[in-house]
Every structure is written in C-alpha cells, then in structure tokens.
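**Q** Each chain, letter by letter, is given below.
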Amino acid sequence: GAGVSQSPSNKVTEKGKDVELRCDPISGHTALYWYRQSLGQGLEFLIYFQGNSAPDKSGLPSDRFSAERTGGSVSTLTIQRTQQEDSAVYLCASSLGLAGGQETQYFGPGTRLLVL
Amino acid sequence: DAKTTQPPSMDCAEGRAANLPCNHSTISGNEYVYWYRQIHSQGPQYIIHGLKNNETNEMASLIITEDRKSSTLILPHATLRDTAVYYCIVRDPGGVQGGKLIFGQGTELSVKP
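These protein sequences, in sequence, are chains F and E. Number 151 marks the last residue of the first sequence (this note's numbering); no jumps. Number 111 marks the last residue of the second sequence (this note's numbering); no jumps.
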C-alpha cells in the first residue's frame, strides 16, 4: 500500500521567506510526527499529532516553526522568516496509534530544504 | 539524550551475517527496543522491535539479553543494499516521552563485496 508521502521533495528558498512543507500519512494512521535532520547531524524530534491535536511540541526550535493537522490526515509544517540554519531534511512519520502495538512509526522520504 | 550506545561503524562481508550490538543499560521495564535503518538520502526504515523475547521477521532477528541491558540486531545474509546507518532506540509508548523517537548517532554498517 501507499506509504507516507511528502512534498515538495526539494525546496530552495531565500533567507527571510516563509515555506510550507506537506505530509500525507498512511491512510488510517491517527498519529503523525515531524523530525528534522541537519547535515551530518542525527534526527531530532519536532512535534507530533494525535488526531488534530499536538500533545508534544517540545522539539520546535523557535516560534518561527508551526505545524497543523486538519481532518486527522494531512499535516503542514510552516517555517516563517527562514534562516540558513533551517536548512535540513524534514521528515514525517505516521503510526496507527500511540500504544498497544500500534505505535511503530513509518517514515516518508523527507523534504530537503535549502535556505540561501 | 539517546539512552543507547552503539559502535559508530562496522564492516561486514557480503553474504555473511551482520551482528549489530546496542547497549541500553538504563532501560526500564516498559521500554521496547526498536531498530531502524537509514540508507543514504532516504527516510528511516523500520526493521524490528521487541520487549524481552527474541524476535524475527523477514528482514532481521533481534536478540535481547535476559537482563535487557543490551541487544543485537542480526542481518543473516548481508547484501550491499544493507549498507546504511542503523539506529537502536528504546521507547516506552505510554511513557513521558510520548510519541517521539529519540535517535542517537547509530552504527554505520558498510557491507563489502
């Protein structure tokens, strides 16, 4: 079946511009997660959703970062006034649920963001 | 911070078994051991997970020691396509860390012809 999809696959933007990154989770998955991976760095958690609610936003690096999820499906990660340090691969994952054997996360291919 | 320790790199000959170790000496009773891998320029791929019993699927086997303080991921017949960074992660689905996975630096496995 279809996996997690993300768009765009690559995005080049200028410093100071806003960007929106999209994630389509696996159909039926109620939980959705955002991570990012900077060049040569590990993966760091940003935020996760259960349904349309975000119980944990602790990984968002600044108030320039926000995310929303509507209809319990698609999620958008928005970065306002982008900075060069925002350049990274942004990864989305989804899971059936949060526990009870449903918590395994499946990742999308990522969006590669380059801020010039 | 990651709660696991893995060697930064390992080599394996093609066709041989790859045994990737992971130490998680502070693991708690409710925490599962998960393994993911990341092939260059791709998103992480789920491999296997377990609580205390050994597990096997079509990709790999997971051996967890009786005291649960360490585990080994086994790829029985490594191929060149298994070259990747392998991450060992401990997670309590119902715990305070909630839904997130905390990745360490992983082990970079190089499978050589």
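These aren't lab readings, by the way, just hints derived from the structure by calculation. These numbers come from a predicted model, not from an experiment. The beta carbon of each residue, even a glycine, is placed where N, CA and C say it ideally should be. Accuracy of the hints is not assured; some may be wrong.
To spell it out: a stretch of chain E is covered by chain F in this simulated footprint if at least three of its residues, at any positions, have a beta carbon under 8 Å from a beta carbon of chain F; those stretches are [what the hints assert, rightly or not]:
#, segment
1, 8 to 20
2, 70 to 76
Below, computed lysine to aspartate or glutamate pairings styled on DMTMM-like, alpha-carbon distance capped at 20 Å [said to hold, decoys possible]:
#, chain 1, residue 1, chain 2, residue 2
3, E, K50, E, D90
4, F, K46, F, E120
5, E, K1, E, D80
6, E, K110, E, D9
7, E, K50, F, E138
8, E, K1, F, E120
9, F, K92, E, E12
10, E, K67, E, E56
11, F, K92, F, E103
12, F, K52, F, D98
13, E, K1, F, D98
14, E, K110, E, E12
In silico contact screen, one side only, chain F against chain E (beta carbon under 7 Å); selected entries [to be verified]:
#, residue
15, L78
16, G86
17, A89
**Q** Hint by hint, say whether it matches the structure.
**A** Here's how the hints hold up against the structure:
Look at the segment 8 to 20 of chain E against chain F: 0 of its residues bring a Cβ nearer than 8 Å to a Cβ of that chain, fewer than three, so the hint is violated. For the segment 70 to 76 of chain E, the stated coverage by chain F is not satisfied: 0 residues place a CB nearer than 8 Å to a CB of that chain, which falls below the threshold of 3. About 13 Å separates the Cα atoms of E/K50 and E/D90, which keeps this hinted pair within 20 Å; it holds. Taking the CA atoms of F/K46 and F/E120, the gap is about 14 Å. The hint holds against a cut of 20 Å.
At roughly 24 Å between alpha-carbon atoms, E/K1 and E/D80 are farther apart than 20 Å, so this suggested pair is violated. For the given pair, E/K110 sits about 7 Å from E/D9 by alpha-carbon distance, which is consistent with the 20 Å threshold. At most 20 Å may separate the alpha-carbon atoms for a hinted pair to count; E/K50 and F/E138 meet this at roughly 17 Å. Between the alpha carbons of E/K1 and F/E120 the distance comes to roughly 27 Å, so the proposed pair goes past 20 Å and is violated.
A hinted pair counts as satisfied when its Cα atoms are at most 20 Å apart, and F/K92 with E/E12 does not qualify at roughly 42 Å. For the given pair, E/K67 sits about 25 Å from E/E56 by alpha-carbon distance, which is inconsistent with the 20 Å threshold. Simply put, F/K92 and F/E103 have alpha-carbon atoms about 11 Å apart, close enough for the 20 Å limit, and the pair holds. Between F/K52 and F/D98 the CA atoms are separated by roughly 15 Å; this keeps the pair inside 20 Å, and the hint holds.
For a cut-off of 20 Å, the pair hint linking E/K1 to F/D98 is broken: about 28 Å separates their Cα positions. Distance hint between E/K110 and E/E12 is fulfilled; the C-alpha atoms sit about 6 Å from each other, no more than 20 Å. Interface hint at F/L78: satisfied, since its Cβ lies 4 Å from the closest Cβ of chain E, which is below the 7 Å cut-off. Of the supplied interface hints, the one on F/G86 is violated, with its beta-carbon coming no nearer than about 12 Å to a beta-carbon of chain E, more than 7 Å.
About 10 Å separates the beta-carbon of F/A89 from the nearest beta-carbon of chain E, more than 7 Å, and the hint is not met.
This entry does not satisfy hints 1, 2, 5, 8, 9, 10, 13, 16 and 17, going by the numbered hints stated previously.
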